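Engineer: Construct the complete structure from the given sequences, taking the supplied hints into account.
For reference, the chains in residue letters:
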Amino acid sequence: MQEFAVILVSSILINNFVLVQFLGLCPFMGVSTKLESAIGMSAATTFVLTLTAMASYVVDVLVLMPMGLIYLRTIAFILVIAAVVQFTKMFIEKSSPLLYRVLGVFLPLITTNCAVLGVALQNASKDLNFMQSSLYGFGAGAGFSLVLIFFSAMRERLAVADIPAPFEGAAIAMITAGLMSLAFMGFSGLV
Amino acid sequence: MKTWVTPGGVHPPENKHQSLTLPIGSLPLPEKLLITLSQHIGTPAKPCVELGSSVLKGQKIAEAAGPVSVPMHAPTSGTISAIEHRPIAHSSGMLAPCIEITSDGRDQWQAHQGIEDYKNASASTLLQAIAEAGIAGMGGAGFPSAVKLNPGSERPIHTLIVNATECEPYITADDSAIRERAAEIIEGIGILSQILGHPDNILIGIEDNKPEAIAALEPHTQDSGVSVVSFPTKYPSGGEKQLIYILTGQEIPSGGLPADIGMVCVNIGTTYAIKRAIVEGEPLISRVTTMTGEACGINRNYETLIGTMVSHMLEHSQFNQDRCSRLVMGGPMMGFSLTSAEVPIVKTTNCILAPSYDEIPDDEPAQPCIRCGLCAEACPVSLLPQQLFWYSQAEDHERLEAHNLFDCIECGACSYVCPSNIPLVQYYRHSKGEIQKARVEKVKSDHARQRFEFHQQRMEQAERDKEAKRAARREAAEKAKTAKSGSEDKSGAGSAADIIAAAQARAAARKVSPEQQQAKFERSIAGAEMRLQMAEEKLAEADDSQTDEQKNILVAAAEAARQKLEQARGRLAEHLKERNGEQVD
Amino acid sequence: MIETIAQYPILAALIALVGLGILFGALLGFAAEKFKVEGDPIVEQIDELLPQTQCGQCGFPGCRPYAESIAKGDAINKCPPGGQATINAIANLLDVPAPELDAEHGEEADVKTVAYIREDECIGCTKCIQACPVDAILGAAKLMHTVIADECTGCDLCVEPCPVDCIDMLPVEETIKEWHWPAPPTTADLIASDLRPQL
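Protein chains in written order, with the numbering used here: chain X, 1 to 191; chain U, 1001 to 1585; chain H, 2001 to 2199.
Treat the hints as calculated values from the structure; they're not laboratory data.
Keep in mind that a hint or two might mislead.
To be verified - According to the in silico footprint, chain H covers these stretches of chain X (three or more CB under 8 Å from chain H):
| hint | region |
| --- | --- |
| 1 | 30 to 42 |
| 2 | 57 to 64 |
| 3 | 67 to 78 |
| 4 | 89 to 103 |
Claimed, not checked - Listing some non-contacts, in silico: residues in chain U with all C-beta distances to chain X over 10 Å:
| hint | residue |
| --- | --- |
| 5 | 1018 |
| 6 | 1097 |
| 7 | 1115 |
| 8 | 1279 |
Since we're looking at a predicted model, the values are computed, not measured.
Think of the CB as a built atom: it goes at the ideal place given N, C-alpha and C, for glycine as much as any other residue.
Structural biologist: See the structure below:
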């Protein structure tokens, strides 16, 4: 039990994928202009991360390791991720066309989100069991969602504020992200 | 009695003592009175008198137009000198339809009497009398009282609240009215209670800064079932929603009315007017208005005739224009500035404020918002004025509605406390207007879309019908052909000759008479002449601002029109020659 | 069996990847059938925001074709009757930046206009009736034509076809009922004495 708590706290706060490990920065910057789209994106990414963690564990243990194809991990995991993302895309297109339209190109880009591949490879290299892998994937998604939602709320406020011209847009967003990252560094050593 | 405390609120200096030193006075009769036709919420009244006719005091001069409307009455006897658009006291500065009466100095009442046995009259009779007397809410909103007092049988009223709060600084109209007319006011409350079917609770809500008024009311409320409830002074306790919360602890649902929770709230001045209407039969033609501010030598309350010009009031109050920083109709928190004193008093005018520069200095320019949050602390409706301000600047209508912009009562407490002098209420008013406009646009565009879609359907149907007819004709022709060709060839040839003969006969029958043809040619000449005239006019109008190219085009057009006229004339000449030729032959 | 395949690494790799590919492909194919989407509801939502004047100034024969084009990625700043407010609303819906109105397609009119037929000159040809997209003109062949002002959207399409040029576009007067508070001035343009109303 405690082990699961440790995994969750570690993946959500201490080793936050976006602000500490600096993975998955593309959707972090790209989909954080509006709170609604950020929430949608975080839900989609969490879904993908959890499913991918589970599926990649299964592929790793049932196909790659027995056949001695550990060197094919990256390719195989990309295959798994692509399939899961495609599935998610179809699901979102059906259930919320507006969210689908809003996420636009960032939805298929979850495939190339290094956080997703990162989770899968880290699970494999750390030799976690099924429960631990899925939890790690879910925690990664939860951490990503937390940070994305905070960041988009801040960007919405920044959008209506009076910012000096050289800093408008991506510049002030980067500075904000850097400050958030500094804040999250404070979690190190928690566990 | 238990009272509740509203959230937020501010305590601006009261400044009420200046206008309470003298009793309610009256102004000399003005020469001209200007009665606006829209002094109330709802449809403007329609004039029912002619220009130049004489009217008596209290005579109806405009009819209520529609279910939510009130009539207007002449405040004094005289003649109708104008029915036109005039400047009124409105923040837009636009004109509005008004009736002007030039008084004849006699101030002669028309014959009037109240309802004799009003204590036994039915609610509908009383409501009818109130509607006929033109009574609208005199606390500031101007909602037709007869409509407010008739919420319908699905909404039984258990609490009647009489609003004697008068929370805004400087205004003392209700205070002085209560001091002098307490007995009549209590009678009026009795009438209201009768109309509403004797509600269980009747409360007069009054702030504790009016001890004299409370003392004046109490002797009359001993056995009448009316309770005078006083509570600590705070701005804005006088708002309907706020007062109901203070006295009963209940909140009106967002977007709802007091009647939805079984309550009715009436201003105490309106109560007095209702009493005068029912008992004495007097329509609403005057009200108590406070004239105050350091720029006026005399600060007191006046029983002012509706339609009195503000300039008339200022004239008789020792007004000093140089001292006056601005003229305000209403109080310093919710009133609005007047750009001219030549505007009339209306039924909802409770105060004319002429402050000096010490009392109300010029506005400092607004500075950036420092996000201090004082505005949120001051808001009596527990809104987030800071967020509303940011979203109003960003014109984010969705977020504004999500933050309950339309629940804002525009009391001004947030602007009052803002350290950056930001005119917050103006931003909210602007955004409310924009959202209203967008809603109206949406309704119109949805309607236009419907009509367009129907138009397209109609076109498609017409096409289909045409196609069907064409197909049917083709089929019939085919059938006729096969039927004919089915029989012998000879009769086929014969029938071909028949068909040709039939066609020729039809052509001959269609041939118009020579007179009709001539008329046709003459018409086309007339048309060509007209077109030529228009082309020449356009050419004449073309001034130097037009380029040479445009002028050439006009010249060419005129030339073409001339040629067409020539042709038409030629055709008529030929036709006449032919006819004459025929006749000769 | 797996051990035997493991002896031929390339074969193993091939079988593994191809096998995985086929498996996931099958799953996706099944999902594609289950989650099929008909039509494009986003077009409806865009069409709701357009002003429905059907004037054609955007270059499309009506508001719905333009909405369909926007759904395919067309620029959102082509609608003059909608003005900046419509551009902002569509930008908000699609989460794209809101550009300025494209002047090529027309200017945003300050005042709304409605058509008015000068009845003395009307010849009853019905050309304007056929042109009106919302059937706002009342009349028939050789009978007087007149514009129903409440239904007219000010799209301008009737002015061209009239052979005697008797249709004017008149501005709609704003009365006190339609007046709304203007935005408070920004501090940059304001000096204190401007605030003092002149008596």
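Engineer: Please confirm whether residue 1279(U) is truly not at the interface, meaning its C-beta sits more than 10 Å away from all C-beta atoms of chain X.
Structural biologist: 57 Å, holds
Engineer: Three residues or more, CB to CB closer than 8 Å: is that satisfied between the region 30 to 42 of chain X and chain H?
Structural biologist: Answer holds; 3 residues pass the 8 Å Cβ test.
Engineer: Say whether it holds or is violated: residue 1097(U) keeps its Cβ farther than 10 Å from all Cβ of chain X.
Structural biologist: At about 41 Å from chain X, residue 1097(U) clears the 10 Å cut-off, so the statement holds.
Engineer: Is the Cβ of residue 1115(U) more than 10 Å away from each Cβ in chain X?
Structural biologist: 59 Å, holds
Engineer: Is the nearest Cβ of chain X still more than 10 Å from the Cβ of residue 1018(U)?
Structural biologist: Its Cβ never comes within 10 Å of chain X, the nearest being 42 Å, so this holds.
Engineer: Okay, the region 67 to 78 of chain X and chain H, do three or more residues pass the C-beta test at under 8 Å?
Structural biologist: It holds: at least three residues are needed, and the region 67 to 78 of chain X offers 6 whose Cβ sits within less than 8 Å of chain H.
Engineer: The region 89 to 103 of chain X covered by chain H? Criterion: 3 or more residues, Cβ-Cβ distance below 8 Å.
Structural biologist: holds (count 8)
Engineer: In terms of beta carbon proximity below 8 Å, does the region 57 to 64 of chain X have 3 or more residues touching chain H?
Structural biologist: holds (count 3)
Every hint from the earlier list agrees with this structure, and none is contradicted.
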